[in-house]
Each structure stands twice: as structure tokens, then as C-alpha cells.
Amino acid sequence: MTLNNPVIQNIINLVLYIFRIIVPLISILVISKCFTSMKRGRRKEDPVVILEDMVSHEVIPVLYWENSLGRSKSCDIVLHDPTVSRDHAVLMRRESGWIVTDTGSKSGTFVNGTKVKDRMQILPGDSIAMGSTALMLKRTSDIKNSKQPKRKVRHAASPAGLLAATTLIQLLLCVQACFAGGKFSYLPAVPFGAIFAMEWLLYLFSMKGLGHVSFELETIAFLLSGIGILLISGTGVKNTYVQLGALFGGVLLFCIMIWFLSDLDRVMRWRLAIGIFAVLLFAANLVLAREHNGARNWISLGPVSVQPSEFIKIAFIFVGTSTLDRLQTAKNLTGFIGFSAVCMGALFLMRDFGTACVFFVTFLIIAFMRSGSVRTIALICAVAVFGAFLILKFKPYVAQRFEAWRHVWEHVNESGYQQTRVLSYSASGGLFGLGIGNGSLKSVFASTSDLVFGMVCEELGLLLAIVIVLTLAFLMFYARSDVTRSRSTFYSISSCAAGGMLLFQTCLNVFGATDVLPMTGVTLPFISLGGSSMVAVWGLLAFIKASDERTYAARRKS
Amino acid sequence: MKTTGSRSLILYILGMAFLFGLGVFLYGFATEGGSWAMQPFNKHLTTGGQLANSGKILDRNNVVLAKSENGKRVYNSDETVRRAMLHTVGDSNGYISTGIQYNYRSELSGYNPITGLASPTGKSGGSDIKLTLDSALCKLALQKLGSSSGAVVLYNYKTGEMLCSVSTPNFDPSNPPKDLNTDKTGKYNGVYLDRVLSSTYTPGSIFKVVTSAAAIENIPDLDSRTWECNGSITINGNKITDVASYGTLSFKNALAKSSNVAFAQIAVELGADKMTEMANSMGFNRSFDLDGISTSKSVYKVDGAAANELGWSGVGQYTDLTNPFHMMVMMGAIANDGVPVKPYLISGITAPFGLTVRSGHTWTGDRLLKAATAEKLKEYMRYNVSSYYGDGLFPGLAVCAKTGTAEVGGGKKPNGWMVGFSSNEKTPLAFAVVVENSRSGISSAGQIASALMTAAAKTIK
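Respectively, the protein sequence lines represent chains Y and E. Letter by letter, the first sequence follows residues 0 to 557 of numbering that gives the first Met the number 0. Letter by letter, the second sequence follows residues 0 to 460 of numbering that gives the first Met the number 0.
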């Protein structure tokens, strides 16, 4: 069906343009509401329980879910007792209650006089003895003089309202897609309907079914995924079917991971298996994969091709992070460094340098958050720089990839082809874009994956593109701000790692396509076409979701 | 967990790096977005090889030279006008890099960083560009040039308005030949080149204007001196010849008869330094600018030249090269007491809703020669026409001019030149005409200049 009447055509164009102005504005509103709601919904840093020194009756507030006890100043609870080890024990809160773990102290830890071997449950009224210090666990309410601060009633935005606004954005984008290229088609309603069904079913399942209290992260993820899928529908609706399937798979993985992560003992038990599985997956990749566009990172499983490295990203974080008691006992990073070296080595063999960089940065984040050793990090970076130097020296074809960097306009039709197209068409789009399906970048190779940022700029406008990448940055900042409120260092480190990984990948994608950095060919999280990437990104999101302590809190009955 | 919390601050490094990178991109977007978008490969500018959705280009009388209709670029209905205006207006593909459609594509397409190239109202967001050129004069110039290659350029030396600018060979932008870009026989060689702005030719005798200026300033008893012109003179073992033997000539007559023998001697007498100084002062060895489009440099270079070569350089041969646009400006300067008014092409740029975003103005350029020298040159050049070329060529215009017949060698016929201006207050017109492969300056370029000046004088009155 074509629209030949120029008057009607003009009216439609004007309406679609207004839609493109509205979309980023509602997006800003939804995303800012989501983030403020996540911040406001957090618990105040009030002590949950307290420890009372049985001799001096000094009251020590217990602020976190996992607390290190010891003589060292870096401990959460510092004991001024020379007979206490530097890192003596860890006091942790789990679903079952409070637990004490001895972290290799010299003199041992005793609960009610019994020596703690591995870990021991502790109830209010029980005493913990370390060296010559004895502490008693008490409820906050047991202390008369401790005022229970009045909890302010905080009005967070209604989760259903935010999701409804997201649906509205998707509807506006769907209308855009229906008029792609000056022709009307009902087909884009199919991806819209599928996204609509998925987001509201997940909402009902998690809020009503499981009684979860928050849905902001899922809303943001659906908003971004929806923008990506509807943008891709402009290149042909059938291109979105795999992506919709991947979105479904991603949501499923997200739910499974949220369940899996709920029990930290289970996670810790499975960590080794996950690590071995990841290495085997890389090995399978190297054996089975055939070269595709200069990289060997795809394997075909029947009708679908899978990019194993995307899933190994999740495994990488699983293997890298740990609970506080284990961090205190096993301080060296050797095992993790070895695992990381295997992963990055495999990626180099596959010639997937972009993903290797993503792994490396994630490795740095995890390694620093675990060890806090600037010296180790500096050493590792020095080794990496030396390694990169060797690669450039002995594999000159790698250096060739970078020759056009910052000189793309001198290689417009050769090595700078993709970047110059991205810049040119991004600028053509202005702030509000030329409309879904009306772009020209889509005919350039890798437009929907590596260059998708340019497609967003061209078809939906710079403003929405900035909103998207800033949202990904906020995800990381949110993960960081929530660190000490997580239920375990496992959650806080994994969510920082996931947030950092997503943002660094965003940097490589956006800046590679726009010639701020050399082009490396990684996907833009949530937006790029790529099934494995979509599934993995939702998996990474589960880490951030799990670090929010409200995720596993039952709905507050008011 | 406290330490984990403080260690997590490492993520700020990544966050800052991200914001920095985003800043770099956005800074580029804001400052260079226009040139990013204005690429020949950008399909939004040239859908199907046409400037699909751009503003109009009009001549001084509002004749439409180019406009966009239904996603296509449409040019004037008259093929001769289309061809005459081709190099100024430009082609649809942006191959003519000195054309308005290439240099002002950003204005024409209506690019701005807010809406990019989107046109929410469905109309072209581009601006209309009105030129100072008169398409009828250009058409006449093209008709007079006929099948010859060459350049014709004319402007008002008081206001700076360009009135005529034509370059041949050309093609019809509405129906470009199919083999235009695939042809290997060379029949379209230089077809994208605007000879007015981007070419240089051997000047021949028109260069004697420069030698004369140097003589006026450096030979005190110029008017009382004479030169023996007996057909040829041997300098440094090399013979410099004239068309005929003129006998004893005063300076005035040496210029009017265009005696190579006299002028070669004058150049040698003045020497390389004084010649070079005057040539540089009069605009040689540098570019001129026409609304942001720069011209090719005229060349006068006699470093290490032998005496005979210096002699030849004084009569516009040797390695001398001149650009037609520069010659016109030089004429404007002589007419205007040594200071040229800068020519301009764009009369106005009008954004949608009738907002004028730019308009052409009269600007004075740098002085090219002293007022007294200009006055003297004017007198000699007036004598050229009144006594020699004949005022019948330019009735009532009191034209001062110089012709030239430049030998180009290689078995080709010479290039015919005529440069000059009307010294009449009411018709302040300066011109430069060059015709490749012609018989002589007066018979080829002279005829075109005559027709053009007469027609232009009518429109200006």
C-alpha cells in the first residue's frame, strides 16, 4: 500500500517527526524515574543488628550483609585487640540467619565457647569470642537508647506506570516502523506485539506471581531492547524474528539467573563447574568454528549460529567474583588470572580482539575489587601493553586495522568506509532522525550490529542515541552506588563487573563506529542485532538486578 | 564490604573515559556535523544522483537556474542557459567542485545540527541562493564562444557583482552524456573544470599590461623614449620576433602595436626583480577568492631565467600563466585607481520563510597598483582601443583594453585573449575573455568581448 497523495504524505511525515521528538523525551522521563525510584527504594544504611562488647558494653553497629571482623583498619568492624588477627572472621547475614566464618585466624573464633570450624550459625544473644575480645549479637530493637529512626514514606514511581510509558514509546516507534520508506505496512505490529506480551507477562510473573517489589531494571532493559528491535524492523520485519526469540531467551535466562543467584552456597558450589564449562566452550568454538569476516567466533548448532564468547562473559563474572569470607581466605588471584589468560588467549586465536578487550577490562575491574592492589593491576596492565606491542610487531595485519583510526576521511572508500558512513549519516539525522526505515546506513555492512549507533542517530536522532548510551552508563553507576547495600560481595562485585562490561562494550561499539577509538566490532548492548549478544546482555543484567537487595526481599506488607 | 565499596570507585575511571569519548563525538558532531553530512556518497543529498530536496538557484533576474522537484534536481528549461551556467551552478553529482551546488550544498540542502537533513514539513528545508549573474549574458557569451574552448568573465568593478561567467567545454546537466565518466577517448577532458576560476593560460601580449606598469613606475622618461622595432631582436643569442617591422615606436605605440621587440627590451632593462615585484603586486603567484571558492594562481616566475627568457616573460610567454578571473580583477583594479572591488557571485541566500541569512556586499580588495600607475595604464589602454582596435567594437563605452595572442606550442593554434574595462562612469564593467585554439586575440576574444560588453552595458543602464 503506497501513499501517493502528497498532502497526506506531508501530514504523516509531520506527525512521525513529532513522534520522534516525543520518544526521546518520554524515554528520558522513564529512565530518570526508574533510576530515582531504584535509589529511593533502597534501604537506609541503618544497622541491622549490633554487636555489644561484653566487657566494655561498647555498641558496634553491624551495617552490612557481610562484615569482616579483625584488627586491620580495612575491616568493617575493627577490633582494637592485639590478640585478634588482622582479618579474623566474617559475620554474614543469609536467608537462614546470621553466620560466622573464621577466615584463617591464628587464635580461632568461638561461638558460645565452641570453636568455629567452617561456619556456624549465630542467634541474637550468642557470643563471639576472638582473641581476648568477646562480642554479643543483639537485635537493634534490644537497645533501648538506640532510637529507631522514623522511616520516611518514600513515593517511588509506580512500576506499572513506568512500564506503560515504555509500552507507549514502543507503540510510537512501531507506528514509525509501519510507515517506513513512505509505504504503510502492518507487519511491524508483530514485533511490537511480541515485546508487549513479553514485558507485561514478565511484569505479572515477577510482581504478582513472585511478589517482587521492583521492576525498574527490567523496564529499562525492555525500553532499550524495544528500541533496538523496532529500529531493526525498519530493515525488514523478518529480521526481527530471531532477535525476538533471543529477547525471549534473554528474559528466560534473566529469570533463571535471578533464581540461581538467590542461593549463594549453590552459586559457590557451581563456580568451578561453570569455569570448566566456559573453557570447554571456548575449546569447542576453536575446533568447530569456521572463519567468518575475519573472526572465528561463531559456531553453528543446526539452524542457529551461536557466539559462545557472549555466554562466556557471564561465566567469566561467575568465576571471578566471590563472597567476602572466601575473598578473605583466598586472597591471591592466581586461579582467576589463569582463567582470564585462557579466555583471552582463546579470543585472540579467534581474532576477536574487541571481545578480548571487553574481557580484559572486566578482568581489571574484578581483580581490583577483589585485591585492591594497585601494584598488581599496574603489573597486569604493563604485561598487557607489552603483549599488545608484541602482537603489533609480529602480526602487522592487526596494526592495519588501526591505520585508518582518526584518519577516516583520508580513506573514505577503503578502510574508513564504515566510519565515514556512520558519521555522515549520523549528522544527516540531526537530533530527531529521519525516521525508522528511512536511513541509508542500513545498506552498509554490519549496520545493524557494529554500526548500530549510527543507525540510531540517523533514523531516530542523536538525542535518543545519547539517551541510550547514557542509560548504559547509569546502569554502571547505579551498580557502583549499590555496592555496600548488596547482600554479599559476590553480588556487589559481579554487578560492578557486569555494569563495567556493558559500559566498556558500549564505548567500543559507539566510539569505534564514530572513529573516537579504532573499530573493533563489538555489539551495542540491547540494541545491536545479534541473538547471542541479546541473551547474554540480559544475563549480565541479572547480576545487577541480584545486587539490589530488594530483589530477594518479599513484598513489604503495609 | 566497606573496602569493596571504596574499591568500586575504580569504575569512575571507566565512567569518565566514557563521558570523555562521548564529549569528543558530540564536539565533532556540533562543529563538523555539516561537513560530515555533506559527503558525495550521502544518499540523502543525492537520491538517484540528484540533489533530491534542495533550495533553488536563481540568477539576478530571478530566472530559475536549478531547483528540486519531486525528489529530482531540475535545471533551466533552455539548454544553452543550462550549459552556460553549468560551471557556476554545478552538476547534480558534485563533480564540479567549484560549483555553487557543491560549495553551498549545506545551505542548499538546509542542513542544520538540529534537524539534520530531515524535512519535517515535507518541503525542502534548504535555502534559495540568488546569484549576481545574468543568465542571458552568460547564454550570449556561450553562443559567441560556440564550439571553442575558453572562458568568459565579466563584472561590475564598482559594485563587485559578477555578471557573466562561462566556461567551455561543458555538458547539459539535465541530460549528462552517458559516457561522461566512462569515456576513455578524452573527448570530455576538463569538462568538470571551471576555466574561469580553475585554469591558467599562457597570457601572451596581455601580460604587457604588467610590463607596462613596471615600466611606468621604474622608467622616468618613459614617454620620451623610443624603441627601434625592425621585426626582430637577438638577445643572448635568441631571436625575439614581431609580426611586422614597426620602425621607431614610442612607448604608447609599442603597447598599441604590441611590439615584442620593444617589450622584451623593456623587461630586460627592468630586470627580474622589478618585474617580479610588479607581477606579485598585481596579483600573480597567489589565489583570489570568490565567495569562498579559491581560484588558481597566475604564475610569473623568472628566478634564474636567462636574459632572453626574461625578455620572453615580459611579453607573456616563457613560463607565464594567467587565470582569467585574476585578469578580470586586475582590469577592475586599473579601472578603479589601482584598488579592485572584490567580485562576488552570491547576491543573497534566503532560508525558508523568507529569512535572508546572507547577502552579497561591495568589499574593497587589496591595492594591486599605485593610483598614478593605474591612471597612466588606463590612458595607454584607452589609446589601444581608440587608435588601434577601434571604438566601433564598443560604441560609447570608452573601453580600455589589451589583446593577446599567446603561442602555446605543440602545433596548436594560439590562445586569443582580450582583457579590458569600460572607463565610462555609467558602465563600470571589466572583462577577461580567452579562446583556445584561435587565430588571434582581436578576431576571437575581441568579437566576444565586443558583443558581451555591448549587451552588458544595455542591461546596466
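A few of these clues could be false.
[Claimed, not checked] If the Cβ cut is set under 10 Å, some of the chain Y residues that face chain E in the computed set are:
#1 I17
#2 I21
#3 I25
#4 L28
#5 N66
#6 I336
#7 F338
#8 V341
#9 M343
#10 F347
#11 I364
#12 T419
#13 S480
#14 T488
#15 S491
#16 P517
Derived from the structure by calculation, the hints contain no laboratory data. Only a predicted model underlies this, so the values are computations on that prediction, with no experimental measurement involved. By construction, the Cβ of each residue, glycine as well, lies at the ideal position given by its N, Cα and C atoms.
Inset, instruction - Under 10 Å, Cβ to Cβ, is where I21/Y needs to be relative to chain E, so tell me if that hint holds or is violated. - result: violated (13 Å)
Legend entry - Hinted contact L28/Y with chain E - closest CB pair below 10 Å: With Cβ-Cβ at 21 Å, over 10 Å, it is violated.
Inset, instruction - With a cut-off of 10 Å on the beta carbons, see whether F338/Y makes it to chain E. - result: Nearest chain E Cβ about 20 Å off; hint violated.
Inset, instruction - Return the status of the interface hint for P517/Y: holds when the least beta-carbon distance to chain E is below 10 Å, violated otherwise. - result: violated (12 Å)
Inset, instruction - Closer than 10 Å between Cβ atoms is the bar; does I364/Y clear it against chain E? Give me holds or violated. - result: Hint holds; I364/Y Cβ to chain E Cβ min 6 Å, cut 10 Å.
Legend entry - Evaluation of the interface hint that places F347/Y against chain E, nearest CB under 10 Å: Violated - the Cβ of F347/Y stays beyond 10 Å from chain E, reaching only about 22 Å at its closest.
Legend entry - Closest C-beta approach of I336/Y to chain E relative to 10 Å, hint status: violated (17 Å)
Inset, instruction - Identify whether the interface hint at I25/Y stands, where standing means a beta carbon of chain E within less than 10 Å of its own. - result: Where the cut-off is 10 Å and the nearest Cβ of chain E is about 18 Å from I25/Y, the hint is violated.
Legend entry - Restraint satisfaction for V341/Y [CB to CB of chain E, less than 10 Å]: Because about 24 Å separates V341/Y from the closest Cβ in chain E, which is outside the 10 Å limit, the hint is violated.
Inset, instruction - Would you settle whether the hint for T419/Y is holds or violated, based on the nearest Cβ-Cβ distance to chain E being less than 10 Å? - result: holds (7 Å)
Legend entry - M343/Y as chain E interface residue, shortest Cβ-Cβ below 10 Å: Hint on M343/Y: violated, closest Cβ of chain E at ~18 Å, above 10 Å.
Inset, instruction - Using Cβ atoms only, decide whether S491/Y comes closer than 10 Å to chain E, and label the hint accordingly. - result: Since chain E brings a Cβ to about 6 Å from S491/Y, closer than 10 Å, the hint holds.
The structure is inconsistent with the numbered hints 2, 3, 4, 6, 7, 8, 9, 10, 16, although it conforms to all the rest.
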